[in-house]
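**Student:** Residue numbers (this note's numbering), protein chains in the order written: chain S, 159 to 318; chain A, 837 to 1038.
Misleading hints may appear alongside valid ones.
Covered stretches of chain S (chain A as the covering partner; in silico rule of three or more C-beta atoms under 8 Å from a C-beta of chain A) [stated by the list, open to error]: (1) 177 to 187; (2) 265 to 272.
When the alpha-carbon atoms are kept at most 30 Å apart in a straight line, the in silico DSSO-like pairs for lysine-lysine are as follows [unchecked claim]: (3) S:K276 to A:K1005; (4) S:K276 to A:K984; (5) A:K892 to S:K245; (6) A:K923 to S:K276; (7) A:K984 to S:K245; (8) A:K1005 to S:K185.
Examples of chain A residues toward chain S, derived with CB under 10 Å [claimed, not checked]: (9) F888; (10) Q890; (11) V936; (12) G954; (13) F957; (14) D966; (15) T974; (16) K989; (17) A993; (18) A1001; (19) I1030.
Keep in mind that the hints were calculated from the coordinates and are not lab data.
Note that the structure is predicted; figures quoted are calculated from it, not measured.
Heads up, the beta-carbon is just placed ideally off N, CA and C, and yes, glycines get one too.
Letter by letter, the chains look like this.
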Amino acid sequence: MKKTFFLALLLGLLAQGAHSQTIQTIKIKDLVSHLQKNDDTLRVVNLWATWCAPCVKELPYFEQAHQHFKNQKVKIILTAIEDELPKVQAFAQKRKLQSTLLFLDEDNANDWIPQIEKNWQGEIPVTLFVKQGKREFHSGDFTAEELMTQIEQRLNVSKE
Amino acid sequence: MKKINLLFVLTLGLIFSLSNATFKTQGYQVGDTAIDFSLKNIDGKMVSLQDFAQAKGFVIIFTCNHCPYAIANEDRIIALNKKYAAKGFPVIAINPNDPVAYPDDSYDNMKKRAQEKGFNFPYLLDDTQDIAKTYGATKTPHVYLLDKNRVVKYIGAIDDSPKDAKKAKTSHLANAIDALLAGKTIAVSTTAAIGCGIKWKK
C-alpha cells in the first residue's frame, strides 16, 4: 500500500515536471490589460525572445521566483515577443517552464511598443512590475538576487 | 542637524539611483545637437565626424556582431551607405557593447566581421560606452540621423521590418534622408523597434 502511494506520488511528480505550461497567444490589447490590472497581486511581466541571449540567461531566475513566491500574491508572466510560436513552444517544453506563458502575436513594433512604455526604444529584455494599477518599467536583465530583491521590495511595501 | 542633513542627502541619493536604475531617460531627442567623437576604427585609425568635410549629414548606427537583429540589418546598412554616402550622408557604425558580456563583439571580432561582410563604412569601437550613453542608444541596431550641424533629425529603426528585410514596407531611415536632401520636413522622425539591449560595463 505504502509502495503504491509513493509510486503514485513519484509518477505524479514526474508527470507534473514533464510538461511546461501551455502558451497563450495574445494581441497587444490583451497584454495591456495585464499591465492595467488594479489589484494587490504583483504581476512581474518579462518580455523576452528565444533569440535574445540575456533574456534566455535570466529566464531561470523568473522560474525560481515563480516557485519561491508560489504561495504569495505574485504572478510571473513570461511574454515572448518578436518570435516564432513553434520556437517558443520547443523552448518552453525543453526548459519545462512553469510560469504563465504568453506569446505576443504582433509585428508592427512601432505601434505596440509605445503602448507598453512610451520611453521604451525596443531593447530587450525588459520587465514590468504591476501592482494596484501602478506600472514600473525596468530595462535590462537581472541577476537572480536582483530579481528576488525587486519582488520582495514590492511585496513588503504593501504590508506596511 | 548634521545627521538629518546627511540622512536627507543619502535618501535623495538612494531615490535618484533607484529611479536611475529603473529607467534612464537621458540621451538625445530629435532637435538636439549631438556631440562629435573620436573613436577607433577597425583599421586602427581614429574617426571623427569632423573628418567628413563634404558631408551633408551623418547616419550613425549603433550596431554589433552578436545580435540577430544587427546581423539581419548588415546588408541593409551596406546598401544604405552605398546609396547615401555618395549623396553626402555617410554611414558610421559604432559598436557599444561590453566584449566581456559578448565576446563576439570584441575589437578583433569587429575586424573579422567587417572583412567577411565587406563593410564599406567605418565600424568604430565605443570602448568607454560614453558615446552610446550620451546619444541615449539602448539597443542594436539603433539609428541616429544627423544633419551637417550634428542636429538630430531622426532616431529609431532602419525600416519597419527589423528581422526580415523582404517584409519591409516603409524605409523610415531612407525616407528621412531623402526628405533632408530635398529640404522637406521628415514625416516620421522617431520609430520604436525591437533590438538587443546594449550590455553596459559593470
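**Student:** Take the hints in turn and mark each one as holding or not.
**Tutor:** To see whether the hints hold, each was checked on the structure:
no.	hint	result
1	177 to 187	violated (count 0)
2	265 to 272	holds (count 6)
3	S:K276 to A:K1005	23 Å, holds
4	S:K276 to A:K984	29 Å, holds
5	A:K892 to S:K245	44 Å, violated
6	A:K923 to S:K276	34 Å, violated
7	A:K984 to S:K245	44 Å, violated
8	A:K1005 to S:K185	21 Å, holds
9	F888	26 Å, violated
10	Q890	31 Å, violated
11	V936	13 Å, violated
12	G954	25 Å, violated
13	F957	22 Å, violated
14	D966	18 Å, violated
15	T974	4 Å, holds
16	K989	17 Å, violated
17	A993	7 Å, holds
18	A1001	14 Å, violated
19	I1030	4 Å, holds
Consistency note: the structure conflicts with the earlier hints numbered 1, 5, 6, 7, 9, 10, 11, 12, 13, 14, 16 and 18.
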